[in-house]
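J.: End of the sequence shown = 343 in our numbering, gap-free, step of one.
These aren't lab readings, by the way, just hints derived from the structure by calculation.
Among these hints, one or two may not hold up.
Unchecked claim - Simulated pairs of lysine-lysine, DSSO-like, Cα-Cα distance not exceeding 30 Å:
hint, residue 1, residue 2
1, Lys271, Lys307
2, Lys271, Lys325
3, Lys248, Lys271
4, Lys306, Lys210
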Amino acid sequence: MTKLKLKSAGCTVCMGCQKRAKFECVIRDEVSTLVKRIPGFDAVVFATPVYFFGPNAQIKVVLDRMFSHTKIDMKTGKYTHVKGYPVIGLLATAGGDLNEGLNICKMIFKTLAEFTSKKFETLLVPLAPADPAELLKRDDIKKKAFHMGRKLAGK
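Taking the hints into account, I'd like the entire structure generated from these sequences.
T.: Here it is, written out as structure tokens:
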């Protein structure tokens with residue numbers, strides 16, 4: 189597992205990643221270094237609170253830069269995706285219920301998984317307490333997280 193704290197700008201839509209053969213972002217920073225490593229991972233799991241109907245800004249930066257994992261043939265409109273990381277996972281918490289952002293956030297990641305032909309696993313935690321220490325006391329969530337981990341590991 190790799191826990192990251194990245195400081196970086198978002199995608200600039202320079203299309204540099206589409207102009208080269210490699211599935212890499214051309215912006216040189218911490219995010220491009222991470223995105224370059226992702227195809228070698230067994231799974232990519234995003235953990236985020238839902239703030240205003242979607243993942244936090246730091247996660248969104250990584251998602252946007254993962255555009256470099258897809259090549260678009262502008263003549264045919266066909267896509268080619270980078271090989272690797274067969275599973276995309278989402279662990280998301282929110283103070284509201286499922287309909288107040290969690291399902292919208294889930295849709296973003298599910299669409300990414302479907303678009304890139306990846307398996308998708310998710311754990312959504314509605315009505316989550318603001319204090320993470322309180323969430324750690326919930327055995328039901330721990331059990332669901334354990335089962336999600338097993339699914340991500342293919343067990």
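J.: Which numbered hints turn out to be false for this structure?
T.: 2
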